[in-house]
Every structure is written in structure tokens, then in C-alpha cells.
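Assemble chain B onto chain A, guided by the hints.
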Amino acid sequence: MHRYPHWIVLAALALLALAALTFALAAGSVDIGFGAVVRALFSPGDDAGSAVVRDLRLPRAMAAFAVGALLALAGAMMQVLLRNPLADPYVLGLSGGAACGALTALLAGAAAMVTPAAFAGALISTFIVFGLARGQGAWAPTRLLLTGVVVAAGWGALIVLILTVAPEAQVRGMLFWLIGDLSGASRSGVPLAALVVVLVAAMSFARDATLLARGDLTAASLGVPVRGATLALHALAAFATAIAVTVAGSVGFVGLVVPHAVRLVIGNDQRWLMPAAALAGGALLTFADTVARTLVAPSQLPVGVLTALVGVPLFLWLLRRSGR
Amino acid sequence: MSAALPILACQGLALSVPGRTLCRGLAFDVHAGDCWTIVGRNGAGKTTLLQTLAGLRPAAEGTIVLAGEPIANHPPRRRAQLLGFLPQDTFDAFPATVLEIALGGRHPHISRWRPESAIDVSRARDALAAVGMDGALTRDVQTLSGGERRRVALAMLLAQDPDVLLLDEPTNHLDISHEVRSLELFANLARERGRAVVMAMHDLTLAPRYATHAVLLDGTTAEAGPASALFNVEKLSALYGQPLVAVSHARGTAFLPA
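As you go down the protein sequences, you meet chains A and B in turn.
Residues in the first sequence are numbered consecutively from 605, following the numbering used here.
Residues in the second sequence are numbered consecutively from 27, following the numbering used here.
Keep in mind that the hints were calculated from the coordinates and are not lab data.
Cβ coordinates follow ideal geometry from the N, Cα and C atoms, glycine included.
Watch out, some of these pointers could steer you wrong.
Which chain B residues face chain A? A few, computed with CB under 8 Å, are given here [said to hold, decoys possible]:
# : residue
1 : THR74
2 : GLY110
3 : ALA119
4 : ALA122
5 : GLY131
6 : ARG151
Bound-form chain A, shown alone (with noise of 0.2 Å):
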């Protein structure tokens, strides 16, 4: 198996991180050049470039920024604990509770409560799902996932419910949350904290992460304590995932391309796997969202069009291309 050195592709993907924030301050209906950029950065005069910059460009950037590394990471962390490199956040039904909960929110005409209202469905989706498939004490793999994808199905039901019955003027506010925007994310303190906090914590479980995907036996008998590894990953993943869907809405495609595509190039050694899939997954967000708010400007995409347009091809043509 070819590979790049780890620390290469991690400083690759660095780099791409910074050219793609670069990109989402620079560009947008007013012109700025990089180096008014720059200046706006480090030395802010009282102009209207940066003002634009600073209020309102690195903000929105950052937060994708962050949401794109938090959905990766989850997917990262998904991936392993359900033993199935096609898992993904929401796969166990957490964004259609956070779905359900804004849309609840939007019909009771409470903008305000959208916000908590997504959390706390992220929240309760999670402990219905882990409260149901508990078996003996533990969580085997095939149960959560069953258990995941019927609650998440029941979650539909109700989304497609709240749209039947919602007034025509706020129909296309909730399907702009259903599927990923970031024009609402005007501060991204938050989700930052988040993902440094989720990074850190996961990374002090990398080593266990990485032999629980050669199965729990394995991983036990070499001393990793598999009950308590597995929950801290699953409240991490959760955790990030909750916070991304409740600044961003579910935004589709980034937790599970993301970590897969990172996976071909890197190794499934997760110490190097979950910085790489939270560079690679903030920039990829970051990026989608500058074009989903430049494309068509002054009107905006929601950033999970973009994400999901692009990731479709990109993961069948990855899956082609690892089947040879």
C-alpha cells in the first residue's frame, strides 16, 4: 500500500484549510483583495472592506469551518464504533431529532428557540436511541445501527408531517434547515470551543479507537477498556454532532465522505485520522459554503446542496476506485 508520509498529507491538508479560508474572506459581492485581506486581518482600519471581513465574512467562515470539522470527526469516530466505514453522524437518527425540534420551533413562530429546540432533539434522539438498544449491558454494533435507522425513520415521519401542516411562508426556512445553511451562523464561538474541546478528548482516545476497529475482543485483550472507551466515543461523537446540526442544520455528505476519502490516504490509525478528517472536513465546508453564498449572490444556496452535489460523485467515484 502506497502512502505519504502521515505528517505530509496533515501539512497538505493544513494548507488547504488556510487557501480555503483565504478564499471564503476574499471572496463575495464586495471585492477584497488578499491583501485588504490580510490588512483587515491583522491591522482593521475603519473601512467598509474591513469591517465586511472581520463582522461579517471570518465569522461565517470560521463556523464552517468548525461544523465541517465536527461533522468529520463524528463520521471519523462513527465509522469505528459501528465497525462500518459507511456510518456517518446522522446515522443514528440524531439529526432528525434536531430536525424535528427546529421545525418545531419555526411552526410555533419561536426563531429564538430554534437554536436550544435543535439541541435538545439532537439530545433526546440520542438517548432514545441508546436507551433502546441496550442489550446485556452493552451496545453491540448491529443493534444501535438497526435501532438508529428505525428511530431515524420515525423522525422523518414527523419532519414530513410539520411540513404538511407548516403556513407555505415558512416552508422554505425549514427546508433550508433540513438540508445544511450557514447564513444564520453569524458567530462561531461555539461550535470552535466545541471542536477544540471534541479534538482533544478524542484524540486521548485514538490509540484505543484504532484497535476497537479490529473488533472488541481484540481490542480488550490488549488492555483497552472497551466499555468506557466506547461510550466516551459515542457522547463525543454525539456531542459534535449535536452542535454542528444546531448551528448549521444537517448538512449532508461531509461526516461520511470526508472520513472515508482521508482513510485512502492516510491509514485508519486514528491518531493521525481525526486531525486530518477536521482539516479536511473544515475546509471542505468552508469552501462549499463560500460557493454556496457567491454562486447565485445576492441570493444564497444552502451550503448542503453544494455539499451533497459534490459529495455524491466524489464518494461513488472513491468507492469505484477502491473496489480495483
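Frame of chain A; chain B shown alone:
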């Protein structure tokens, strides 16, 4: 040897799986240098016994003592330094190089935030050389054959280098030459390096050659003792419900279907 404390001991051990008790009152002591072989028909409880001895599942009754302490009292990492377990099957759901997998065996010897040292890497390479997989260090495990994957799993355990090695059908998928080489390797670890080996086996032509002791499981009762007292035509024929004949040769006795 019998004066020394056993490295692994069980007393009054009962094994059960849902709906069935597999044995009761099983007691035996494993000392450094021993090579124990567990035999019995499919479903008689060989895997259950090994996993219980490894501390990976609770015993229905009885105690298991590892290095002088009840096995559950050892922290997981410490237990893994003392005792290693080779499962009957291993998973390769994700790509990984042969060297990465062997390095996984060093896990209990490396603290949480440390990377593998040069010593860990050389231990992993030696382990792969011992099973003849050192020519494939960068191969993806998912491209290997079943027998080659088995040898990589064996190398992972060798790199772990525990005092007690519990092996669940270690020679699964191996061709006859690698079967003999692996069994020689484990017998040598016991004889010359003072390790203790306990393995479940189906091959009655090779098992008697290496076993110093045996456990016979028939699904309801268990018998443990020196191999010389248990490996004979009467006992094994009754155990398997299959008439056997003993064939003596220069390296010992082999049991064949009559």
C-alpha cells in the same frame, strides 16, 4: 516446577452459555513453561473457557487468579501486559498495513499520549519475521489471504509479548507448514522463554506433539491434567464420539479417525 506459584490458576470454575452449563468445578494450575491444549467437540466450550481465562467474560462460578491476583483486580493495561489472547476470528473492516497491525500489539506497553518507540517498532518487525510476514510490512491487510491475515494476528500477539498466551484455534486457515512452524514457535516460547501457552485445538495429529497438559471438554463435564494421562485412544474416542487410532512416530503420537 510444581513448587513455584502458578502464573494462571482457576478454581471451582463453572462455565455457562445462555440455557446451558458447560462444566462445573474445573480447577487447574498453569505454570511458566506449560503448554496446555483444550480439546472437545464443536460447542463444548473451548472458546468460552479461553475467554473466561482471559478475563474477557465473567465466570459463572469460581475464581481465576493471574500472577497471584484475582484477574479482575488487574487494571486492563496491566492485565494485557501479563496475558494475551488470540480470538478465533479477527476483523479487518478498515485498511491498515501489516506493520501497523503488529504495532497494535505494543498498545499495553505504551502510555496514552506517547508514540511508539524504535524498540516497539523493532519488536513488531521481529514478531512479523517470526511468522514469515516481514516481507509484507506495507501491504494492506485487506489484500492478504486468510492464512496470511492469521499470521499477522499471531504477530500482533507475539509483539504484545505477554507471560501467558491464550490462543483460540491459532492454526485456523494456516497451511501445514505454517501450522507446524507456528506451533513450534509457541512450544518454544513455553520451553525456552518460560511463557505459558493455553490453546484450543482441533488437530489431533499435531496437538499431542506439543501439549504438556490438556483440558478435555465434553459439553457437560471437564477434565484437566497432564497430557500423558488424557491423550489416549479411549478418552479421545469417547470425547469426540468418533473411534480413533493412535499412530506412533518419531515425534510422538498422532490420533487419526479409525
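query = Hint by hint, which ones does this structure get wrong, listed from lowest number up?
reply = 1 and 6
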